[in-house]
Amino acid sequence: MSKSGGWFAVVTVLGALLLPFWAEYAGEPFVLDVIIRLMILAIAASSLNLILGYSGMVSLGHAVFIGIGAYAVGIPAYYDLNSGWLQLAAALGASGFFALLTGLICLRTRGAYFIMITLAFAQMMYFIFVSIEEYGGDDGLVIYSRSEMGPGVDLDDNNQLYFLVLFCLIAVMILIHRLTRSDFGQVIRSIKINEVRMQALGFDTFRYRLVCYVISGMICGLAGWLLGNFTGFISPEMMDWTRSGELIAMVLLGGAATVVGPLLGAGIFIGVETLLPDMTIYWHLYLGILLIIVAKFGRGGLLGWWTRWQSRSRP
Amino acid sequence: MSVELEARGISRRFGGIHAVADIDLCLEKGKIHAVIGPNGAGKTTLVGLLAGSLTADKGEIRLGQCDATLLPVHERVKLGLGRTFQITSLFGELSVFESIAIAVQGYQGHSFRFWAPANRKSALIERVHELAHDVGLDHELDAQAEALSHGKHRLLEIAMALAGFPSILLLDEPAAGLGAEETQNLIAILNRVKSDAALLLVEHDMDVVFSVADEVTVMVDGAVIATGSPDHIRNNQRAQQAYLGESGSEYA
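Chains A and B are the protein sequences, given in the same order. Under our numbering, the first residue of the first sequence is numbered 192, with each subsequent residue one higher. Under our numbering, the first residue of the second sequence is numbered 6, with each subsequent residue one higher.
Bear in mind the hints are in silico, worked out from the structure with no lab data behind them. Since no wrong hints were added, every one of them can be taken at face value.
Capping the alpha-carbon separation at 30 Å, the derived lysine-lysine pairs in DSS-like fashion look like this:
| hint | chain 1 | residue 1 | chain 2 | residue 2 |
| --- | --- | --- | --- | --- |
| 1 | B | K157 | B | K36 |
| 2 | B | K157 | B | K83 |
| 3 | B | K83 | B | K199 |
| 4 | A | K383 | B | K157 |
| 5 | A | K383 | B | K126 |
| 6 | A | K383 | B | K83 |
| 7 | B | K34 | B | K199 |
| 8 | B | K34 | B | K63 |
| 9 | B | K126 | B | K83 |
Produce the complete structure using the sequences and hints provided.
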């Protein structure tokens, strides 16, 4: 990491740590809610980045893992099973299992076919949950009690939930930083560049892409577990394909195949979503225009634009 | 001399075209076996069948003691097979060092190591330098692969193929597009490599073929029309007709 990047990270983390105290002092608890949502979406976008950015697989069904993670809170809570560790294990286990199962099929396809088949699997889950009346069908399910993490931790306290989400986000970003620079990461990135050559070098590329897909799904399941706790209300709509599209937008806006990009992208997305509706009801239009601009001119997203600008201003 | 690769009666059709028809081939350690023939003779298809990127419709392929007929590419590599590509197939964005390093990594069994940074182990770094030295890319290690000249691309291809200590090496037109000096360098490399491996050399450059090959096979329309020592092929009338002398006849 560059020196300025390091300072930027320190300042950001310090600011994030102090934010709840400021919010309380300034009487703006709403800000905390916005930032929690931002960080959860950043975790989900980071997980998508692992397959989209680093491995070059565009999935249009990634939000399904958010839904699975959220239902892993909601369904146990429905039966008064409120242990957070149990729910977390269920979220990671179910999303990992779903990724493994669908990955075995999806990953045999490429390009547009991969997009369509991930979309198909996600929509299948969507309609399965719509059809389960017991868990509210398409009306969704209210979670009356947040996960119980043991003595001393109370997630009903928004500040504590905030710190949990912050901790998870930092952990995920460190994990992805290490992962993408490890032997495994080197393999994944090289497969993206030239899969045929990787096979000729003795790599069983399918297995590596499958493991990457499962890790990605599990991280997104973690985001779902956090989101279920945060919103206290879950519905099939969370795994709708438009949600997956938003995750793609975040990754591309911020900068694919970078550790910080998805966080920046989630920030831009939440910023637009929070600020613009006050000014115009057609805010989706402006988000669309922003996406077109990034797609046309901003290769590498905001981060790519920033690094290019920096290297130009330096002699 | 030990037989490293043996193909018996392998065939492959693409629709109505018999790209490779009933070919027998034997590669021995310490020998360079050249395959020549006009464009479209099925030479690259043959390489694909041996490497496993294509599967044979008929026939049998043995690597060492193992039946490899149905094995996928990466498992044939584990049995000691290495290859280069006719059309340069590299990792453009990676540096030369990283490109060779990933090839070395491929030889070291699995790469399911998720935490420690890649390319830091001294054994790996040493091996990368050794391979770069073998082909003469010592000074280009930091260069981006796609920034190299065509000749150096071909050398990088070979360095990557050699990373796994292959006992069989399939080279698909390694001399294509090389200048005279680069060609001499390539010939020197091939002569060095062949002491440890069995080589299959698909090549259009007859100077290269006749200066390094221990055995030559001539392919036309997917079939072998002649096989034998370079001298034998030079004097073989069918081979000459098909390829060597009267190149005009195929357009007649």
